[in-house]
Amino acid sequence: MTTTTVPREMTLTTDSAEAASQAVSAVMSEEEFRAFYDRSARGLWLYLARITGDRQLADDLVQEAFYRFYRAGATHQDERHRRNSLFRIGTNLARDSYRRRRHAAEDQLPEEEMASKMSSGLDEREDLTRALAQLKPQQREMLWLAYAHGSSHEEIASIIGVTPGSVKSLLLRARRKLAGILGIDPRGRRSE
Amino acid sequence: MTSYECNREVELLDEIGNGHWPDAADSELRSHVESCASCTETAVVASALLEDRVQGEHEVSVRPSGAAWFRIQMRTQSDARVAAARTVRRVHATLVACTFAALIAGLAATSLLGKMWSWFAGAVSDTSILSSLPAASPTLLLIAIIPIAALAPVALYLAIAKQ
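Protein chains in written order, with our numbering: chain X, 1 to 192; chain Y, 1001 to 1163.
Since the hints were derived computationally from the structure, they do not count as laboratory data.
Where hints are given, some of them may not hold.
Where chain Y lies over chain X, by a calculated footprint (3+ residues, C-beta under 8 Å) [unchecked claim]:
| # | stretch |
| --- | --- |
| 1 | 45-58 |
| 2 | 88-101 |
| 3 | 169-180 |
In this text, all values refer to a predicted model and were calculated from it rather than measured experimentally.
Don't be surprised by glycine CBs; every beta carbon is placed ideally from N, CA and C.
Extracted from the complex, chain Y is given alone in its bound form (with noise of 0.2 Å):
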């Protein structure tokens, strides 16, 4: 310890931290404490403190280290189960999110298709060729685009599934 208010405190805390204080200290010294109000002071309180500490000795209970560690380790497992769940919980609700999100922007650009698809066929309708184009094509487009919106959102899950 350091910056005490009196320079022999280190020397009485040494006599008491070895049990010599008060018996087998030395005689000066225990002048010194008898007329030093800081470290009668200091020989009081580091002295009970110090006796109920070795006699508190008796009253520790303390678990062995071994099941210490085990029980650390069991808690260790558990915490790493429950953040692991709550991680496999948050990737399938964006997947979930993400799959609705791609079958409503599925069906958006399939109604915008259709429109342009007919735009373009009315504007081109004297060619022979694309006369003979089926009418269903936007029916077509969106039996195309549908599985292709559900299967991205399970693609992106096995790929973050192995982390």
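For reference, chain X alone in the conformation it holds in the complex (with noise of 0.2 Å):
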């Protein structure tokens, strides 16, 4: 395995750590909404491509997710909660464009059509774009969301609409999933 320095996602610099320990107003300033989308709307994205496996769509379901979370105008508690809540719009505009393709007859997409959308032409990356593409959609988002993102499981059940209570089962048969399909057996190890 290579050695690779992640940053923490949840890792806030000072001064962000700082605005984000104060409870959030409803209604966002240009100051406020332009901060809050320099800190999200990478990780939003990322997100919405992995799980939809289309940069295109993440392109257009960004915009649509920031527009419909600043015309809700809610009120959070803070810096995470307001977080969660784009990413819960997020979710659900992806879920819609999955029902879309699926009434224009496109919902057994071929694995490798679809893997090729998500591909960045590495071998490894590769593997785990088809590996992705080999699950479902809730599946995908949870696995991103808990390891990628680094999404606590309470955070997971808030974003993707289950009870705290079913996500570390989901998340459990989605990683098993997952990691058979990389070539690691129940046994923990990896086959050749």
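Put the two chains together into one complex; each comes in its own frame, and the hints tell you how they fit.
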């Protein structure tokens, strides 16, 4: 396994942590919105690109998610709560897009076709993108939020709309399935 | 995260998140992961997803925050105009319907009053004062009612339009 220095998703800078510790008001000023957008848009785009397998769709969904978030004008307890709300909107928009694709008779995209939309061209990442394409949308969502985004089980439950108690078992099942696709057998050994 | 299969999973995830896994991680933790199926699974999956996320940062393409803010404001204003136009159309349709209804009601009322007047005039036809009243009274009544029926919806519109 390669060593990779990875920034922790939920590590905020000092300034932003200070702002985040205060309760955020419902009506966002331009300054507040732009600061929040700068902190959140990239992570949201990457999440949506991975769960939908479509970068162009992710562009549209990010814009729509921020628009709906802004128009909702909801009150949030803190930065995390605000971000979870944004991701929940994005997740729901992604699911709407799955349904539209199903109705347009694209429900069973061949694995290769879907994976090709996500592929970066690198072998290891192609393995992962192909593996993710074989999972159900909710499984992709949970795995990305848990391991790439660093969300807690409560946050995952809030974002994808399940009870907190069910996250553990659903996540385990998803992880097991992905590990199996990547070549790790139930005993924890990588198959050749 | 809470509620893991193995009680060392949090420690493992921390090491992965800090970029210490596997080479800079504690040897004892590495030994544990090799013997723990759950942690092996976690290590493979979490490492792959985090790696993908780091590499994916280069692919991210989002608009600058200023452009996003501008587009949202434009769209908000556009939505407000569409909603206002819809409301005005509904009010217009309601007023037109009210005007027609008022006219029909006015005609019906005039006809009824005309009949009542004829009956009243007949009942007191020998009274000199009443016999001197103009015979065209129903017509005068109609002339009085129609403008009122037509202007009432306009007055209502003007009252609502301010809002």
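Results for each hint:
1. 45-58: With 5 residues in contact (Cβ-Cβ under 8 Å with chain Y), the coverage given for the stretch 45-58 of chain X holds.
2. 88-101: Since three or more residues must qualify, the claim that chain Y covers the stretch 88-101 of chain X is violated, with 0 doing so at under 8 Å.
3. 169-180: This one holds; 5 residues, not fewer than the three required, reach chain Y with a Cβ under 8 Å.
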